[in-house]
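Participant: Going down the list, the sequences are from chains A and B.
Going by this note's numbering, the first sequence opens with residue 484, and the numbers climb by one from there.
Going by this note's numbering, the second sequence opens with residue 45, and the numbers climb by one from there.
Think of the hints as simulated: they come from the structure by calculation, not from any bench.
Even glycine gets a Cβ: it sits at the ideal position worked out from N, Cα and C.
You may find that some hints are simply not true.
Said to hold, decoys possible - On the chain B side, residues computed to face chain A include the following (Cβ under 7 Å):
#1 Arg96
#2 Ala99
#3 Gln120
#4 Ala122
#5 Met138
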Amino acid sequence: MEKNMSMSDEMKRQLGEFIKLQVYDDKYIDRAEEKNILAEAVKRNIPLDEALAVMRQIAETNDYVVERDVETQAKEMLEQFASNDGKIDKKEFENALGMYKRATRGRVPESKAKKCLKDIILNNGWKVKEGGLFGSKWFSEI
Amino acid sequence: MSMSEEAKRQLGEFVKLQVYDDKYIDRKEEKKILEEALKRNITIDDALAVMRAIASANDYVVERDVESRCKDMLEQFASDGKVDKKEFEDSVAMYKKGSRGRVPEAEIRRRLKNVMIDQGWKAKEGGLFGSKWFSEIS
Numbered sequence: 484m485e486k487n488m489s490m491s492d493e494m495k496r497q498l499g500e501f502i503k504l505q506v507y508d509d510k511y512i513d514r515a516e517e518k519n520i521l522a523e524a525v526k527r528n529i530p531l532d533e534a535l536a537v538m539r540q541i542a543e544t545n546d547y548v549v550e551r552d553v554e555t556q557a558k559e560m561l562e563q564f565a566s567n568d569g570k571i572d573k574k575e576f577e578n579a580l581g582m583y584k585r586a587t588r589g590r591v592p593e594s595k596a597k598k599c600l601k602d603i604i605l606n607n608g609w610k611v612k613e614g615g616l617f618g619s620k621w622f623s624e625i
Numbered sequence: 045m046s047m048s049e050e051a052k053r054q055l056g057e058f059v060k061l062q063v064y065d066d067k068y069i070d071r072k073e074e075k076k077i078l079e080e081a082l083k084r085n086i087t088i089d090d091a092l093a094v095m096r097a098i099a100s101a102n103d104y105v106v107e108r109d110v111e112s113r114c115k116d117m118l119e120q121f122a123s124d125g126k127v128d129k130k131e132f133e134d135s136v137a138m139y140k141k142g143s144r145g146r147v148p149e150a151e152i153r154r155r156l157k158n159v160m161i162d163q164g165w166k167a168k169e170g171g172l173f174g175s176k177w178f179s180e181i182s
């Protein structure tokens, strides 16, 4: 027997339409939009995990980018770079930035993407390789 | 075609049964889950949504997602023309970590080599003192 909290096809369709409306201009779900979607789901008595599952399914089907997923991916990449020799060098940072830019399809300005990656590095206490006799202060300058 | 709570619960139990020993959903298991869903008249989209929700709630790893992330990484490395040994090793390490050691390292190397070959990405190897690290992966 179906419980009240089950999400019907109609509820799913309505939430799907709401998600499409949030991202119709750029196919990009940033954190604020994700929160909006979840708030809308709560208003409609849809459990959060089901709303997230619908959002992910719609994102996958329609090729939408979820900002949180891109940041997770960038974090994993930086974590690997930080662990292979203890420090993240400029080339590795540029690689993480390139992946981030590609994944977000240029929706995030480069300066903001750099700041986002810098924050991830600082929040996780990872070290960077910069300076030295002829080295630049590429990380500090962000 | 609406999926009832009971149908969802049953499919959820089937998903958990597939991965109960290792919390890892490989491609074969994913296909089995989708086949089971079809048998129960559950659409592929609904089944994938259930699988993802359960994976996310129970911290299961979906192999296809790990491979997709490693592919993105290799694509970035290949964007300057060639993937060097260190970059390839970084991708192998990420795959190992992502799959929680469920896939043997030799198999990971083979899979990533195949990804590169399929995508036409080149490896930087050889030269006067360089090894044939990429060609040697079999």
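Participant: Now, for every hint given, state plainly whether the structure supports it.
Facilitator: Hints versus structure:
1. Arg96: holds (5 Å)
2. Ala99: Where the cut-off is 7 Å and the nearest Cβ of chain A is about 10 Å from alanine 99(B), the hint is violated.
3. Gln120: For glutamine 120(B), the interface hint holds, since the closest Cβ of chain A sits about 4 Å away, which is under 7 Å.
4. Ala122: violated (11 Å)
5. Met138: holds (5 Å)
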